[in-house]
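These protein sequences, in sequence, are chains A and B.
If you use the numbering used here, the first sequence corresponds to residues 413 to 779, in order.
If you use the numbering used here, the second sequence corresponds to residues 413 to 779, in order.
If a hint is listed, it holds; no wrong ones were tucked in.
When chains are identical, the list treats them as one kind, so a pair holds in a single copy or across two.
Here are the simulated DSS-like cross-link-like pairs (lysine-lysine), alpha carbons at most 30 Å apart as the crow flies: (1) 768 to 663; (2) 663 to 625; (3) 550 to 768; (4) 706 to 658; (5) 658 to 625; (6) 768 to 706; (7) 503 to 768; (8) 706 to 625; (9) 570 to 550; (10) 550 to 503; (11) 531 to 550.
Derived by calculation from the structure, the hints in this document are not laboratory data.
The model shown is predicted, which means the values in this text are computed figures rather than measured ones.
Number of protein chains: 2
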Amino acid sequence: MACFRLPTLGIFPLRVSASSRRLARRRIRSLLKLSSCNARRFGSVAASTVQRFDWDDVVRIAEEVQEDDDPSDLRGYFEKVRHCNRGSELKSEFVPFLVEDQIVGYIHNGFLGHLRQFKEVFTVGLHNNDCHDESHVKFHSSLITPEERTRAVGDAIKCLGELIPGTRNELYPVTSSYGMPVFFSLERAAAPYFGIKAYGVHMNGYVEMDGQKFLWIGKRSVFKPTYPGMLDHLVAGGLPYGISCKENLLKECEEEAGIPRSVSNIATSVGAVSYMDIDGCRYKRDVLFCYDLKLPVEFTPKNEDGEVDSFRLVPVSHVANVIRRTEFFKPNCSLVIIDFLFRHGFISPDNQGYLKLLQSLRSGDCS
Amino acid sequence: MACFRLPTLGIFPLRVSASSRRLARRRIRSLLKLSSCNARRFGSVAASTVQRFDWDDVVRIAEEVQEDDDPSDLRGYFEKVRHCNRGSELKSEFVPFLVEDQIVGYIHNGFLGHLRQFKEVFTVGLHNNDCHDESHVKFHSSLITPEERTRAVGDAIKCLGELIPGTRNELYPVTSSYGMPVFFSLERAAAPYFGIKAYGVHMNGYVEMDGQKFLWIGKRSVFKPTYPGMLDHLVAGGLPYGISCKENLLKECEEEAGIPRSVSNIATSVGAVSYMDIDGCRYKRDVLFCYDLKLPVEFTPKNEDGEVDSFRLVPVSHVANVIRRTEFFKPNCSLVIIDFLFRHGFISPDNQGYLKLLQSLRSGDCS
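Bound conformation, chain A alone (with noise of 0.2 Å):
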């Protein structure tokens, strides 16, 4: 794969001998089988894994030629698409977190066990749903507003401690879904143990040269809490309280990638991606704005804020080789990524299955 510090013009794919090739295949295998392995095993440990891999190894996949591997095949992207949508078959195993009559989140059976402690907060019902009874959350009566209902729900989980793993002290509106009244904010950690939807805005920045486009790609930081390590966007965040997508975007381009606002300012919003992970007491409903931005072929990324490595300019056809054959990527960064090859004519309705993939990118309640 050809991957840039500093972008050039003339590509050309490294075709490799037949013992390298052999090589790369045993390498490609123990990569694929750690990472897939680590997945069964750990859950969502594993996003917590240092991704032990480095720009040779992404170079080396992304470039091999297999005689067996057909790039219209999209096996390898309904795989990652799996990979962001597990669990529905334990949805039972969720209650209802319901405030003003309306589903905000669910929540496991097993952590509303932790939450029967706060009596001042959260009160456990029944309600009749199609003839039978269901178990539901609610805010105690009291709790009103969304600030009373806020800061009630922020000291218990200041209570829960390491139950709640990683808070970041960042708060994520939570509605019914998008635009809608917002009844409380919740930390951006627990969004998962509560089932809210969160909301993020993810970027595809990318280069055209001598007519072939190329996506930049970050290396995560070993020392981020989630995903060290591993592939990522130019720019991504998820979407806090108060402050509109774009106006979001600008920001994370700044801090990310070191992209003033005089160039991002005319990054584009181009549909969203939408996915629904179960996995033990987390509940993960996610909607993802997509947006490219094209970038200037002199224009280097510079990250700001310690969050990422490194950058590369690889070629999108070798992109989508890795993400094809690896599990580099951070998961939800794939759905992004496969829809960008979607709008990029890189995966065709001649392709088989081409339908069925394009539905899938919005398996999550995408609302």
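Given the structure of chain A, go ahead and fit chain B onto it with the hints provided.
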């Protein structure tokens, strides 16, 4: 609206006087009333009523500065999506059409009465679905091969004469979903009467000048049997039997807009939209594969098959106004253009209803 026979570089929105604004509004209202009345009264017949507007009307309506009009208000787009997705409450009037135990279509009870006369072609029976018996239609058991079924159903359609108007001698493949085995082929005009899934390719041709994007818009010939005189994409067509999406698109590009293969070859697949529309006995279940083609500034389309009256190059923001304010576009083209507006950032996540509108572009079975 700046509409061009030949592209120019400077686009200046026309500011009109108060009196011409009033005049234009009256004209808009009368045009809107006319088309919505037609649609209500005549159902599909409205599709064959020549739309009595010319490019001057389009220009005036698209350019008009209306103080009470907010371009970020998505209601006009929702209206167009609804127009393509009517009658879902009437689905119980249709019975499934099964081939090899798979649903390939839906046939209206009333139309079924006409099919009962072809006892050697169709059989009507009952099958058990969720503990209650439901009617279904099947081929007669003597019709085994796709060729036998195609011939038998084709003969029946000929006998039905004007019950199925507008036959074109163009065959659509009939499958349970895209890319699956073809059970038989069916005359294009008959597709909605059998409720089969129909696939098409729709291409937005655009030009970028001075950082601004323009779409090439066609006005259909008044002699077209369907939607005469209405606005259309640069290129679109149904997907007949035995041709790939890309090959079909290249062929339509030549015939409809005189685009040589050297240019159309770079058309990019960008996704798909779908809708389901019940209109009397007709049940449309369409999936449109969307394409973008960025054209050179100096290129001017030229219709070769007499199906297009004329083409104009229109700023995308003005096309958006026409979609929101009128029913001038052939309805399913609106969906493909709204999809373009999403992918090119003309509709943004900060607009109220963004996710709902995005999802609604695939309201039909997109498989």
